[in-house]
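Asker: So you can see what is in the structure, the chains are spelled out below.
Number of protein chains: 4
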Amino acid sequence: MRKATLLIECEDGPGLVHGVTGALFRASLNVTSNHEFVDAESRRFFMRTEFCGSFEDARLAEEVRGALPPGAVVKLPGAEPHRVVVLVSHEHHCLADLLVRHAFGELPARIEAVIGNHDSLRGLAEKFDVPFHFQPAGGLSREEHEAGILSILEPIRPGYLVLAKYMRILSAPFVARWPGGIINIHHSFLPAFAGARPYQQAFRRGVKVIGATAHFVTDALDEGPIIEQEVLPVDHSHTPESLAQAGRDVEQMTLARALRLVFEHRVFLCRNRTIIFD
Amino acid sequence: MRKATLLIECEDGPGLVHGVTGALFRASLNVTSNHEFVDAESRRFFMRTEFCGSFEDARLAEEVRGALPPGAVVKLPGAEPHRVVVLVSHEHHCLADLLVRHAFGELPARIEAVIGNHDSLRGLAEKFDVPFHFQPAGGLSREEHEAGILSILEPIRPGYLVLAKYMRILSAPFVARWPGGIINIHHSFLPAFAGARPYQQAFRRGVKVIGATAHFVTDALDEGPIIEQEVLPVDHSHTPESLAQAGRDVEQMTLARALRLVFEHRVFLCRNRTIIFD
Amino acid sequence: MRKATLLIECEDGPGLVHGVTGALFRASLNVTSNHEFVDAESRRFFMRTEFCGSFEDARLAEEVRGALPPGAVVKLPGAEPHRVVVLVSHEHHCLADLLVRHAFGELPARIEAVIGNHDSLRGLAEKFDVPFHFQPAGGLSREEHEAGILSILEPIRPGYLVLAKYMRILSAPFVARWPGGIINIHHSFLPAFAGARPYQQAFRRGVKVIGATAHFVTDALDEGPIIEQEVLPVDHSHTPESLAQAGRDVEQMTLARALRLVFEHRVFLCRNRTIIFD
Amino acid sequence: MRKATLLIECEDGPGLVHGVTGALFRASLNVTSNHEFVDAESRRFFMRTEFCGSFEDARLAEEVRGALPPGAVVKLPGAEPHRVVVLVSHEHHCLADLLVRHAFGELPARIEAVIGNHDSLRGLAEKFDVPFHFQPAGGLSREEHEAGILSILEPIRPGYLVLAKYMRILSAPFVARWPGGIINIHHSFLPAFAGARPYQQAFRRGVKVIGATAHFVTDALDEGPIIEQEVLPVDHSHTPESLAQAGRDVEQMTLARALRLVFEHRVFLCRNRTIIFD
Numbered sequence: 210m211r212k213a214t215l216l217i218e219c220e221d222g223p224g225l226v227h228g229v230t231g232a233l234f235r236a237s238l239n240v241t242s243n244h245e246f247v248d249a250e251s252r253r254f255f256m257r258t259e260f261c262g263s264f265e266d267a268r269l270a271e272e273v274r275g276a277l278p279p280g281a282v283v284k285l286p287g288a289e290p291h292r293v294v295v296l297v298s299h300e301h302h303c304l305a306d307l308l309v310r311h312a313f314g315e316l317p318a319r320i321e322a323v324i325g326n327h328d329s330l331r332g333l334a335e336k337f338d339v340p341f342h343f344q345p346a347g348g349l350s351r352e353e354h355e356a357g358i359l360s361i362l363e364p365i366r367p368g369y370l371v372l373a374k375y376m377r378i379l380s381a382p383f384v385a386r387w388p389g390g391i392i393n394i395h396h397s398f399l400p401a402f403a404g405a406r407p408y409q410q411a412f413r414r415g416v417k418v419i420g421a422t423a424h425f426v427t428d429a430l431d432e433g434p435i436i437e438q439e440v441l442p443v444d445h446s447h448t449p450e451s452l453a454q455a456g457r458d459v460e461q462m463t464l465a466r467a468l469r470l471v472f473e474h475r476v477f478l479c480r481n482r483t484i485i486f487d
Numbered sequence: 210m211r212k213a214t215l216l217i218e219c220e221d222g223p224g225l226v227h228g229v230t231g232a233l234f235r236a237s238l239n240v241t242s243n244h245e246f247v248d249a250e251s252r253r254f255f256m257r258t259e260f261c262g263s264f265e266d267a268r269l270a271e272e273v274r275g276a277l278p279p280g281a282v283v284k285l286p287g288a289e290p291h292r293v294v295v296l297v298s299h300e301h302h303c304l305a306d307l308l309v310r311h312a313f314g315e316l317p318a319r320i321e322a323v324i325g326n327h328d329s330l331r332g333l334a335e336k337f338d339v340p341f342h343f344q345p346a347g348g349l350s351r352e353e354h355e356a357g358i359l360s361i362l363e364p365i366r367p368g369y370l371v372l373a374k375y376m377r378i379l380s381a382p383f384v385a386r387w388p389g390g391i392i393n394i395h396h397s398f399l400p401a402f403a404g405a406r407p408y409q410q411a412f413r414r415g416v417k418v419i420g421a422t423a424h425f426v427t428d429a430l431d432e433g434p435i436i437e438q439e440v441l442p443v444d445h446s447h448t449p450e451s452l453a454q455a456g457r458d459v460e461q462m463t464l465a466r467a468l469r470l471v472f473e474h475r476v477f478l479c480r481n482r483t484i485i486f487d
Numbered sequence: 210m211r212k213a214t215l216l217i218e219c220e221d222g223p224g225l226v227h228g229v230t231g232a233l234f235r236a237s238l239n240v241t242s243n244h245e246f247v248d249a250e251s252r253r254f255f256m257r258t259e260f261c262g263s264f265e266d267a268r269l270a271e272e273v274r275g276a277l278p279p280g281a282v283v284k285l286p287g288a289e290p291h292r293v294v295v296l297v298s299h300e301h302h303c304l305a306d307l308l309v310r311h312a313f314g315e316l317p318a319r320i321e322a323v324i325g326n327h328d329s330l331r332g333l334a335e336k337f338d339v340p341f342h343f344q345p346a347g348g349l350s351r352e353e354h355e356a357g358i359l360s361i362l363e364p365i366r367p368g369y370l371v372l373a374k375y376m377r378i379l380s381a382p383f384v385a386r387w388p389g390g391i392i393n394i395h396h397s398f399l400p401a402f403a404g405a406r407p408y409q410q411a412f413r414r415g416v417k418v419i420g421a422t423a424h425f426v427t428d429a430l431d432e433g434p435i436i437e438q439e440v441l442p443v444d445h446s447h448t449p450e451s452l453a454q455a456g457r458d459v460e461q462m463t464l465a466r467a468l469r470l471v472f473e474h475r476v477f478l479c480r481n482r483t484i485i486f487d
Numbered sequence: 210m211r212k213a214t215l216l217i218e219c220e221d222g223p224g225l226v227h228g229v230t231g232a233l234f235r236a237s238l239n240v241t242s243n244h245e246f247v248d249a250e251s252r253r254f255f256m257r258t259e260f261c262g263s264f265e266d267a268r269l270a271e272e273v274r275g276a277l278p279p280g281a282v283v284k285l286p287g288a289e290p291h292r293v294v295v296l297v298s299h300e301h302h303c304l305a306d307l308l309v310r311h312a313f314g315e316l317p318a319r320i321e322a323v324i325g326n327h328d329s330l331r332g333l334a335e336k337f338d339v340p341f342h343f344q345p346a347g348g349l350s351r352e353e354h355e356a357g358i359l360s361i362l363e364p365i366r367p368g369y370l371v372l373a374k375y376m377r378i379l380s381a382p383f384v385a386r387w388p389g390g391i392i393n394i395h396h397s398f399l400p401a402f403a404g405a406r407p408y409q410q411a412f413r414r415g416v417k418v419i420g421a422t423a424h425f426v427t428d429a430l431d432e433g434p435i436i437e438q439e440v441l442p443v444d445h446s447h448t449p450e451s452l453a454q455a456g457r458d459v460e461q462m463t464l465a466r467a468l469r470l471v472f473e474h475r476v477f478l479c480r481n482r483t484i485i486f487d
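Residue numbers (this note's numbering), protein chains in the order written: chain Z, 210 to 487; chain Y, 210 to 487; chain W, 210 to 487; chain B, 210 to 487.
The shape of chain Z in the complex, shown without the other chains:
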């Protein structure tokens, strides 16, 4: 008797929910939560089901697949936590927030290591008994810097990379190694103020609300599918510096919420958009 989550993605057609719930019913499994969505443009069907009972994974997946059209993606993620590596530069707030949640069992993932292109957050990571690796970028080509990161990641084999205010751009070949597996926090309400120095840009434009965006990283900078966005009202008395300061709380909350959604298998990718069953 255990709790599990079933994830399905396939071409839409009649009777899909009936078929999948039938497979679960015949296996005497008890559905506790069920979400479906059909993307109107692509005619793709997405389904997330939480259930409990006794079952054999491969056999259940096969039964479910039998109720679906050819090419259906069926996943039954195991109970072991996600293996995650966090990349940082010199800003501490997102990393600190993740380390605290991790230490108190609130992050459904295991942070295996932190990699910094500065060495300044080593003390923070080590306080929480997470290994810190300093991989400088200065004086190196992007390829050399990324090769250094890859050699650190090699023995860890993480499922996800979290860019927690990692202020460098990753190359397309690097990104391609973790499709749908690299999550970034951008310090603006994308697509407003993509690129560098968003708080400076926001100040110049005189906006009355700032925000943060957690998104999957693709090879198009700041253009990947958005997972979560949060905002904060501001006014004329804010300087670029005080905008950045106010923005930090929003950044860390936005990243934490996005990671919870991803790690709990609530996020599907559909072209350049996310479908989220919360």
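The set of hints was computed from the structure by calculation and includes no laboratory data.
On a predicted model such as this, the values are computed, not experimentally measured, just so you know.
All C-beta atoms, glycine included, are put in the ideal place defined by N, C-alpha and C.
Take these hints with a grain of salt, some might be off.
[What the hints assert, rightly or not] Which stretches of chain Z does chain B cover? Using the computed rule of at least three CB atoms under 8 angstroms from a CB of chain B, they are:
1) 299-311
2) 455-466
[Unchecked claim] Pairs of lysine-lysine residues, derived as PhoX-like cross-links and limited to a Cα-Cα distance of at most 25 angstroms, are as follows:
3) B:K212 with B:K284
4) W:K336 with Y:K336
5) B:K336 with Z:K336
6) W:K284 with W:K212
7) Z:K336 with Z:K284
8) Y:K212 with Y:K284
Since the structure of chain Z is provided, determine the placement of chains Y, W and B on it from the hints.
Answerer: Frame of chain Z, contents of chains Y, W and B only:
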């Protein structure tokens, strides 16, 4: 070929979704949206399904009922708009908002009449070609006032009464005539500041956020199931009057959203709480 | 004995608040509210003071000017309401909201007329006894269309033009006639999704929050100083059409709040940004 | 040449701003920010001024006092950080947030110690090199428990006590030792759900928004002046446990914002309300 919504409420048990979607599948109906929820305490199952296709109402309802335990509530609301009467006192903002939405086809309901215990909003209602009835309360007992209202309602037979800043308390016998059919907008974030003069109370307490609550009316004053709540930040510079003024926008938006949810059959009642499939 | 508002803008320097409050003190005027701000980059000083008492306008302004550096802008707006003309196309929601507020004395301004490049909102304006002028754009050059509008405006001489979902671009010469006097509601969270069809753009980008922006119109499209911005969370189930529908409420609230700020003399322009004393 | 903040509270009267800014002007001090407020009911005047320049504290305070009515409160807080002790029970999130901000210089205060009525957060405090004192309550009377706390506080002499999810009620004599100096985070949107188990209460009532309230502690439980309130939308799918989980982020942000306001001398007390110059 038409679009319809199926609403189900029953005791929870295994295979309910499978059974219901099976009935729809066998009838060659195409499900476009599906929500289910089980209330953990009461073990009640709630389901809302949007579908399209050709079908005969009574027969489909019977098929669906066959897949459910005894005592299941199965509804297939027709396409005719809800018949609604709005009760008001002297404040115009919620009524004006509803009349505008109604006039431009944004309210999935028909406002058959407005009843006021003051005569001051007659002009507003009549501008939008909605009949206005003045039913004074002064000098009358509550029973007499309500008898007057009932005689106005008698020929209209509305499905819903909307209390759009109607500042009087309805008796239990009156409320009992529209179970789950009377919706009120209360000018506070309930249960804070129940009762009279909530903005005065909020001012006294020095709160930093005010709100509004749309709820079903039961015979316990301000205690009925909550449909929607919205809030607004305030500060020390607000007087009770400016709190009330700021609150008006929140009141009208909260009421409008609650009515959309109710009229689109998205709200289920479960004891003293609402289950909302949005 | 009357209430008034004093508005000051000048080069920053020592003792400005002391000087201005001294002039008011010597005139036996009672300050009830006072806001100051210095823009760090431009070294401009902005001050807004509410006061009451008996005074002669020109003389008080002269006294105040004597306490300020040369070139200071000193304003003592009179009590007569702003004269406003609203421009619309075919969407009704912002216009309806303004007409209701206007009819019930909640807009500190007088709506002298509505001009539409479609005729479809005539009935709405006339319901509220506001003259409606149909000035079509079809088959006309922009110059001809604007000449038509100008000939309508000529006898009215409005202080402000409000673009309440007026879906056409005004020429630079037209805009130059009302510097700081044309207010637009843009249906996105600028600078995201400037230009046409912002809800379609927001859908394509898969954002999780949409918004609206009220701003002054300058000759750079969608680039004028921002007055107010509001947002709304959305999710993957929204279509471009349902984003637009959800956005309407935000648009009308954002415009109404911006107009209140402008009409109560709470908004100063400082380069391409606004300074707002609320 | 240094930056300082001047805080004034007195009976209202004519010319107060003029008098105070005159004292600063004569001392050749440069005002960079200025806020005033008069509470209409009590006729109390509140003013907060940031300025920079060279001055002798006692002398400047005397000059300012000369411009004010008898009984005026004039404060020129020094630059040394506030000395703070944090009280906790077993929940970690607010404490962790404060320790991180403290460690990275973002809290304008020094956390001298943490006192817990459980020992479980010792490791967290010590990670950040803050002394932890375990003062159990079990088997002790409230007087004995508080005597233990007081003996820990005695050598520290903190200016502020922060109750960061300290789940016990302090006695009136204890509270009286720090008037306006004890800040609590309550896990509801007060005055809704005062008292014990607010998330359980919120679940029972079926609210659609939950919140947190940071307030000064007085001897009336959960009735002290409110500093900051934040809210979060929730729905029927939340259990009391998931409400509590969702609420934690709001609690820690609300407490952090309230403390920033208090420690930056932005909060005045006016009867049972706060006046906040942000």
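Asker: Taking the hints in turn, state whether each one holds.
Answerer: Cross-check of the supplied hints:
1. Chain B is given as covering the stretch 299-311 of chain Z, and this holds because 5 residues of the stretch bring a CB closer than 8 angstroms to a CB of that chain, at least three being needed.
2. With 3 residues having a beta carbon nearer than 8 angstroms to a beta carbon of chain B, the stretch 455-466 of chain Z meets the requirement of three or more and the stated coverage holds.
3. As the CA atoms of B:K212 and B:K284 are separated by approximately 14 angstroms, the hinted pair is consistent with the 25 angstroms bound.
4. Restraint check for W:K336 and Y:K336: the C-alpha separation of about 6 angstroms stays at or below 25 angstroms, so the hint holds.
5. A C-alpha spacing of about 6 angstroms is found between B:K336 and Z:K336, which places the hinted pair at or below 25 angstroms, so the restraint holds.
6. For the suggested pair W:K284 and W:K212, the alpha carbons sit about 14 angstroms apart, so the restraint of at most 25 angstroms is met.
7. With a C-alpha separation of about 36 angstroms, the suggested pair Z:K336 and Z:K284 falls outside the 25 angstroms cut-off, and the hint is violated.
8. About 14 angstroms separates the Cα atoms of Y:K212 and Y:K284, which keeps this hinted pair within 25 angstroms; it holds.
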